[in-house]
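Peer 1: Chain by chain, the residues run as shown.
Protein chains: 2
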Amino acid sequence: MVSDYDRPVSTPNPTAAILVIGDEILSGRTRDENMYHLAGVLTAHGIDLREVRIVPDDQAAIVGAVNVLRRAYDHVFTSGGIGPTHDDITADAIGAAFGVPVVVDPEADRRVRAFSEVRGMSYNSDQQRMARVPQGATLIDNPISAAPGFTLENVHVMAGVPVIFRVMVESILPALAQGRPVVSGEYRIWRPEGDIAHDLRGLAAKYDDLALGSYPSMQDGRGGTTIVVRGTDPQRVETAVAELRTVFPPE
Amino acid sequence: MVSDYDRPVSTPNPTAAILVIGDEILSGRTRDENMYHLAGVLTAHGIDLREVRIVPDDQAAIVGAVNVLRRAYDHVFTSGGIGPTHDDITADAIGAAFGVPVVVDPEADRRVRAFSEVRGMSYNSDQQRMARVPQGATLIDNPISAAPGFTLENVHVMAGVPVIFRVMVESILPALAQGRPVVSGEYRIWRPEGDIAHDLRGLAAKYDDLALGSYPSMQDGRGGTTIVVRGTDPQRVETAVAELRTVFPPE
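Just so you know, the sequences run in chain order A and B.
According to this note's numbering, the first sequence is numbered sequentially starting from 1.
According to this note's numbering, the second sequence is numbered sequentially starting from 1.
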């Protein structure tokens, strides 16, 4: 029953997954910001986000997810759990996933210590926890609060605090191979989905190099549909949107 | 390196996962609402949300995730892909995951047809797609736009449109076994995490029936920490928050 065009845009782009580590998201206390932010950034950079997982602050859950995702996708980006407190277990979990020890990185140690000293805080073993990375990892800069993230092979481990997460994303993005960005166009039709599905199916088959997503919406008690056209060729996307306008003329 | 208390709250509550089906989330076009909403509802109902996955509108991805999650957790809640258009493939994917055919449900057919007729729309085969469910499924009511969701064994399949998703959640919730709701208390400390980690670790070990989460934040350029205490016994949570106030007195 599933036709060929029932699939995401097919591109030769690098693929990615995001792993959010966070009890606070699963409990409903905090609404995700990092995944939403990074999804848009990856799309603009030409990296195809294929999967997101959110798991608790639990080593077995993190190790299991990391080991599946890092083998399935070109990149895995994680968010959360790299601070100094007892619930920050991401570095240990990534070490366990790769089977490597977690060690104090001298450069990370220098940065975190300097940050503490400037603020007149004594440098203790808890703060030093933030300088621990799995052996072989390279650091991801944190110009806001010093404590770095790290990259180990294709896994990029970043902070959960949104403002720090964002600067870490900015700092690693230039080094990641860039694909052809997936661009999108939209067209809004003031008819319910069921009414336009037949003609839309025809267009989806015709433009089989694009993805045509159909999103119902209600406005002023009236059912309408937004068609989102996505693809890597901006001209093709424009052509498809123009044809939507012809097939479903504005009122 | 991971201590016993580095784990989510342990409860005898039913467990759950959420599977969001949506290219529009993965592309960064749309920010998730349904997962955030349901996470809070499940916590209040005493069901422990253990994992979230977001996958594209792709049958193999949906089937793979559903078959892992339905075996690992008591409940799986899905969002998205049950409309009438070519990109609505969730019913077929769930049928494939369970190895059962997808059929037109007579009651669903009656509802969707009646909704079309009231609005003066002809009832066509695309609209009838919304009445198709995997064999053996029971319907989830949709008082807004008629097209039902469905439950098959422990998998609850709901619409992606947030207002419809929410009424579907309300309609199934009373029938789900209720656990002890996890309640939480918060305490804000005007010191950075590294400064309080040692004492906090002691408290986390002492209150090992609770989860103490530590979340750094910046306010007016000053680093602070919010401690979130979670557990099923409101009295214990209150006791722990009171002890936090003693150990880390307000300024």
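Among these hints, one or two may not hold up.
Claimed, not checked - A few chain B residues facing chain A, derived, Cβ under 8 Å:
| no. | residue |
| --- | --- |
| 1 | R31 |
| 2 | I172 |
| 3 | L173 |
| 4 | R201 |
Hints listed in this document are in silico derivations from the structure and should not be mistaken for laboratory results.
Fair warning: this is a prediction, and the values are worked out from it, not measured in the lab.
No residue lacks a Cβ here, since even glycine has one placed at the ideal position from N, Cα and C.
Peer 1: Each hint should be assessed against the structure and marked as holding or not.
Peer 2: Hints, verified against the model:
A cut of 8 Å between beta carbons decides the hint on R31/B: the least distance to chain A is about 5 Å, and the hint holds. Hint status for I172/B: violated, given a least beta-carbon distance of 17 Å to chain A, over 8 Å. The beta carbon of L173/B comes no nearer than 14 Å to any beta carbon in chain A, farther than 8 Å, and the hint placing it at the interface is violated. Look at R201/B: its Cβ gets to within about 5 Å of chain A, closer than 8 Å, so that hint holds up.
Figure legend: structure checked against the earlier numbered hints; hints not met, in rising order: 2 and 3.
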